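**Q** Sequence:
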Amino acid sequence: MHPIDRHRRDEALRAANRSRGVRLPEWKRAGRRREGSHRAAGWLTVLPMALLLFLLLRTFVIEAFRIPSSSMERTLLPGDFLLVNKWVYGAEIPFMSARLPALRAPQHADVVVFNWPVDPDKPFVKRLVGLPGDRLAMRNGVLERNGVTVPEPYLRAAQGATPRSPTAPPTRDSWGPVVIPPRHFYVLGDNRPNSLDSRYWGFVPDSLLRGAPWFVYYSFVPDSTETVPWLTRVRWARLGTTVR
Numbered sequence: 010m011h012p013i014d015r016h017r018r019d020e021a022l023r024a025a026n027r028s029r030g031v032r033l034p035e036w037k038r039a040g041r042r043r044e045g046s047h048r049a050a051g052w053l054t055v056l057p058m059a060l061l062l063f064l065l066l067r068t069f070v071i072e073a074f075r076i077p078s079s080s081m082e083r084t085l086l087p088g089d090f091l092l093v094n095k096w097v098y099g100a101e102i103p104f105m106s107a108r109l110p111a112l113r114a115p116q117h118a119d120v121v122v123f124n125w126p127v128d129p130d131k132p133f134v135k136r137l138v139g140l141p142g143d144r145l146a147m148r149n150g151v152l153e154r155n156g157v158t159v160p161e162p163y164l165r166a167a168q169g170a171t172p173r174s175p176t177a178p179p180t181r182d183s184w185g186p187v188v189i190p191p192r193h194f195y196v197l198g199d200n201r202p203n204s205l206d207s208r209y210w211g212f213v214p215d216s217l218l219r220g221a222p223w224f225v226y227y228s229f230v231p232d233s234t235e236t237v238p239w240l241t242r243v244r245w246a247r248l249g250t251t252v253r
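So in the numbering used here, spot 214 of the sequence shown is number 223, and the numbers just go up one at a time.
Source of the hints: derived by calculation from the structure; they are not laboratory data. A quick note: this is a predicted structure, and the numbers were derived from the prediction, not measured. Watch out, some of these pointers could steer you wrong.
Unchecked claim - Derived EDC-like pairs (lysine to aspartate or glutamate); straight-line CA-CA distance at most 20 Å: (1) 131 - 101; (2) 131 - 215; (3) 131 - 235; (4) 131 - 182.
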């Protein structure tokens, strides 16, 4: 008899027995118990492996991150949810002062995620504008690096800084020059008038670098008047967009 026909026959017999209240033979019931125990054992084997794989990926490869403020508009918006590539700069090995090999070194204009030097428990995301050895200054909102004006097409808008006299003290839009020390970076927000960045708290040690945003996997408009803005105010056009 063909296996499919045999399976159909067995199913029909089981249905008929159930309708008549006939119990299955003991050997069949034992077989079913063994089948159930094997299935449970399989799940007990798969679940720990899946959990371990998730932890490894989150520790060394990729991590989710939410944008809480407008400091990186127009590149990143409040309510954006990102996947961060932790391997690109070499993921940190837990409980050890060591990192995995990096895919590449940080570069000018990279958007980076790092632990805030003032409070390392808080992750920040900013634009990297200064590498070790760079000489940075800002004149009326225009960034200069090593004596050359830096083109910044990613800025939210013109800064509109007020011109200052050469004797005036440093301001948000006019400061420097500063030289970036070894193994440190200088970061600024793309929304310069509304960004807490290196202008206020200094350099970022390379040990605090966590990774680079990869793409926006979800986004919605935060709105305190909406009950569930994460459902009603979704920015569909931003889903899947890469971060540059």
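**Q** So, for every hint listed, does it hold in this structure?
**A** Results for each hint:
1. A C-alpha spacing of about 16 Å is found between residue 131 and residue 101, which places the hinted pair at or below 20 Å, so the restraint holds.
2. The suggested pairing of residue 131 with residue 215 holds, with an alpha-carbon distance near 16 Å, which does not exceed 20 Å.
3. A C-alpha spacing of about 27 Å is found between residue 131 and residue 235, which places the hinted pair above 20 Å, so the restraint is violated.
4. Using a Cα cut-off of 20 Å, the hinted pair residue 131 and residue 182 is violated, with the two alpha carbons roughly 25 Å apart.
When each numbered hint is compared with the structure, violations occur for hints 3, 4.
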